[in-house]
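Residue numbers (our numbering), protein chains in the order written: chain A, 1118 to 1339; chain B, 1118 to 1339; chain C, 1118 to 1339; chain D, 1118 to 1339.
Since the hints were made in silico from the structure, they are not lab data. Mixed in with the good hints there might be a few duds.
Which copy is meant is left open, so a pair is good if it fits within one copy or across any two.
[What the hints assert, rightly or not] Computed list of lysine-lysine pairs in DSBU-like fashion (alpha-carbon distance at most 30 Å, straight line):
#1 1137 / 1216
#2 1125 / 1279
#3 1279 / 1130
#4 1300 / 1319
#5 1216 / 1279
#6 1304 / 1324
#7 1130 / 1304
#8 1137 / 1317
There are 4 protein chains.
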Amino acid sequence: MLNFKTFKETTGKNAVKVAKIAEKVYEETDVCIIVAPQFVDIFRVAQEVSIPVFAQHIDPITPGPHTGHVLPEAVKEAGAVGAIINHSEREITITTIHKAVERAREVGLLSLICCSTDPICAASVSLGPDMLALEPPELIGTPMSVSRARPQSIVRLVETIKNSHYQIIPVCGAGVRTREDVKIAFKLGAQGVMIGSAIKSKDFQQKLMEMAEAAAEVSYEG
Amino acid sequence: MLNFKTFKETTGKNAVKVAKIAEKVYEETDVCIIVAPQFVDIFRVAQEVSIPVFAQHIDPITPGPHTGHVLPEAVKEAGAVGAIINHSEREITITTIHKAVERAREVGLLSLICCSTDPICAASVSLGPDMLALEPPELIGTPMSVSRARPQSIVRLVETIKNSHYQIIPVCGAGVRTREDVKIAFKLGAQGVMIGSAIKSKDFQQKLMEMAEAAAEVSYEG
Amino acid sequence: MLNFKTFKETTGKNAVKVAKIAEKVYEETDVCIIVAPQFVDIFRVAQEVSIPVFAQHIDPITPGPHTGHVLPEAVKEAGAVGAIINHSEREITITTIHKAVERAREVGLLSLICCSTDPICAASVSLGPDMLALEPPELIGTPMSVSRARPQSIVRLVETIKNSHYQIIPVCGAGVRTREDVKIAFKLGAQGVMIGSAIKSKDFQQKLMEMAEAAAEVSYEG
Amino acid sequence: MLNFKTFKETTGKNAVKVAKIAEKVYEETDVCIIVAPQFVDIFRVAQEVSIPVFAQHIDPITPGPHTGHVLPEAVKEAGAVGAIINHSEREITITTIHKAVERAREVGLLSLICCSTDPICAASVSLGPDMLALEPPELIGTPMSVSRARPQSIVRLVETIKNSHYQIIPVCGAGVRTREDVKIAFKLGAQGVMIGSAIKSKDFQQKLMEMAEAAAEVSYEG
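Taking the hints into account, I'd like the entire structure generated from these sequences.
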């Protein structure tokens, strides 16, 4: 999952460019890569690539008078297949998270809840999202990855999901930028990683290829 | 200004359809019509019509890690030429309003601040937007228009702007849906109206034509 | 737990008056009654009665420059022994809930998380509060109690807590105003009820006595 | 105006202690000193001193079901005579500011709006508060005072108020901690200063005495 945030390098034409890099890496490695561009870029990106597109946030509203909000139906029609919910840069109340997961399901969008701590991961399992991401905010944008700083948290996330009666894909993120980061995460049971600021690096295409290969390798081995 | 809000009738393909109706009415009457679709529909609508497109909200952020927020640069690149700020359905702090107006100017977007009361209109003049709209929230979506319920507020808005050293276009909205509503508003000095729920009516194209003609008439007379 | 909210009948001198009624009922029935007055009334109430006092909200801040926020240390020093967290009338993000529970523990305050739905109850168990209250907001202030409208939700709450490794007191609220409401709730396993708008009724002292007796009865039987 | 924020040095018993220092300085200099303790400390402080007490924030609500909010009536009954509104550490929407000013007036509380920039000061005049404070957030808590960093902003604030038809007391704050800071502010037309982090200094009583004397001097000269 590539979170485009609101970087200059991933806005507008650049969003399409990065999405095409992701598509190419997917084609060569067969590793699923999701892109999460800004709201205004969803339609444009979805028109240009065939890999899945997520929104960075949705509001749990139904059609009506909600100026300036993000309607799940509109996100879907623009070409997205899922949405990030409760990213640490866009946190919402627990009631809103729950409603957003439900609204996503209603309109046919996948949902990924982001969590900042282990107990919040454990809590969010009960809200029934399709994917659950541990992203310690203090590591976001740093060179220290969650894989190295919090391996035991990834294990705990995977265990908690296993012990629940929900089918949820465990994801981890924050600081992920190398082949090694991905390898560790997948070995510990994660089935996905979130990549943010690494997208801005000059040799991103090569980096992404390496990370995808690492994911493919572990999946093949494991 | 047509505020598409998050109505089903103005989402996705329907957003393009309504924007084309607005474009047609503009071509026949030469009255400027702005459309404000949802974030995800801005690019699509801007590709299809030549009339101005506004965002329904912007966040006063600069490029960076702001997942789920609305970057003014991205809104601009998607094809919008302006943004609504502080709509009563998406209110923000006064500091955020001020920063949003400044950020809009920086990236070359027009700004329209929405205000719920007369004193807030008077206050917002000092924040220097390009357009200022009085929209009493208690009248939004009702059959009672601001033109009929608050004519004196429109007069006050126009006066306050005149007495300031700012060049601001006075706009009014809430409940506007007939030729008469537009006529009154323009006679009182408004130079624009905001139209919301009226867009959902079946004969909207005819209604919009009538309202545009009313605006043209008064402008010609006045 | 009597939630004083911001009713006129429970502000200032009236807060002390209601707290004294609660104290008297406690003395006669030996049923623990907690009062949750407004922030400004905590000190005053805590000075006048010996029953436990809760704050209606705390912010998970530490001492510092946080004008207008509610410091847990200050709440404690004013005489409170606990705090309501995430009441449906004052919802916060899941990260904030978690931090508030931790800050409460650090300063020696008990924490009660309020939840609006069953999955949110299940989720909140993992955040480790001392008490967990199910309060469906759609029943708050109505004559229909949670005991009658959602008995299965109370059972689920009790079960979820039992199956966890946490020691949490299950509480339920919304619409609770009769002896029967309390009896049902306690029979289903709740160990506390939250009472809000019922406080405003004229014969509240008698009502509270009846509810306390019902609680005592079930506890004795069970 | 002493803003107690949520400092350890101004919580609970310490709040009373600092308020008594302020009272003493007032008695010796006849310069009006207002204290703004935390919500939970308002009653306690108001009981112990005769100088005016302000709340650090109010919510523009009326009595009713608003758990965890700050009811103006309750603040009044606890002994406060006014309230800070929109402090940069507790910002609210422009509509909420306006309603809070109106609610304060209704219940007989004075209102002081805090503003972060010159245009926001100019804007807030139209909302009709009793006092208006310029507090550039970037200077709060620093050794650089508004008096030195932004003298022209103080002049502008004073002018704007003079040119309006409102009776508003101009106040300035941020970084104010010396006799000189106060002297400059008063010479430029301010009729009050806000003092925050300076309260934490060890020799605060002497500092406050000096600042009060400076204020008295300028007022006498001017």
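Violations among the numbered hints, reported as their numbers in ascending order: Of the numbered hints given earlier, those the structure breaks are 1, 2, 3 and 7, listed in rising order.
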